[in-house]
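Asks: Protein chains in written order, with the numbering used here: chain A, 42 to 203; chain B, 2 to 92.
The set of hints was computed from the structure by calculation and includes no laboratory data.
These figures come from a predicted structure and were not determined experimentally.
We put the CB at the ideal spot given by N, CA and C, even for glycine.
Some hints could be false.
If we take Cβ atoms under 8 Å as the criterion, some of the chain A residues that face chain B in the derived model are [stated by the list, open to error]:
| no. | residue |
| --- | --- |
| 1 | Tyr51 |
| 2 | Gly61 |
| 3 | Phe171 |
| 4 | Glu179 |
| 5 | Leu186 |
Here is how the chains run, residue by residue.
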Amino acid sequence: MDSLHAIGFYVSAAVSIGGGLLVAFLPGRGGRGLALALSGLGIAGLYASLSAEFAGLVAFVCFAGCAMLIAGPRYRAVDAPAGMAWRQAGAVGAAGLFAILAYAAFRGDFVQATYRGGEFGIAGVGHLLFTHDALAAEAVGALVLVALVGGTAAWRVRERGR
Amino acid sequence: MNASLVSILFVGVALVAVGAFVATWKRDLTAALAGLPLMFGGAGVAFAGAARFSAAGDPKIFGQEVAALLAVAALALVALGVGIAGRGTSR
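Based on the sequences and whatever the hints tell you, model everything.
Replies: Right, here's the structure in full:
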């Protein structure tokens with residue numbers, strides 16, 4: 042990775058993590074939506090600096106959709122039954138998760154291995170799905186999204202009719 | 002200045018941890034849903050980074066495809082959660 046891409050990577054990392062922290066601490070849903078969109082912009086920049094421009098475009102569109110849902114007029118607040126102590130325990134758990142995963146990342150590296158599974162193994166099927174039939178796999182993902190959103194919309198319409 | 006695989010995994014880990022923090026810290030469950038795309042985005046960054054630095058040729062697209070699918074799945078989950086929350090309070 043050359044210096045220009047590295048600078049873009051670190052700037053995008055700062056934007057995405059900063060946006061995530063703003064999502065946690067901003068009080069209003071409008072601000073949270075904007076912060077989530079900012080974080081999505083940073084993640085799209087991360088993908089672009091890793092030569093994954095298409096994934097970056099998809100991620101940006103999806104984060105923008107999430108931000109519109111979070112900041113939109115159909116947003117309804119649902120208070121959690123858990124108290125402050127449990128939420129603080131969850132925050133400490135998130136810090137512990139960060140420590141464990143950071144240690145795993147620090148020790149992370151590629152392993153030299155030889156694959157002898159053959160053409161019809163699981164790895165072969167996965168390879169086919171994500172290389173030769175990549176567009177079809179994307180279409181399945183889009184179909185799942187449309188099905189979930191349509192199911193939710195139908196559910197709400199039926200409940201309103203009662 | 003350079004970014005290695007470890008740097009990319011660190012950024013992915015930080016995004017996952019920030020997402021988990023958002024999901025646990027927010028009192029409002031619908032607001033906690035905003036942590037899901039962050040966690041999925043962190044996983045996607047790790048996938049795309051591993052694909053970027055892998056030695057083989059073709060599988061580079063594998064991590065990118067997983068990252069794109071994770072983003073779509075995050076959007077679907079947030080849409081489902083916001084829809085269910087709206088259903089629960091609209092009666």
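Asks: Hint by hint, where does the structure go against what was stated? Just the numbers, ascending.
Replies: none
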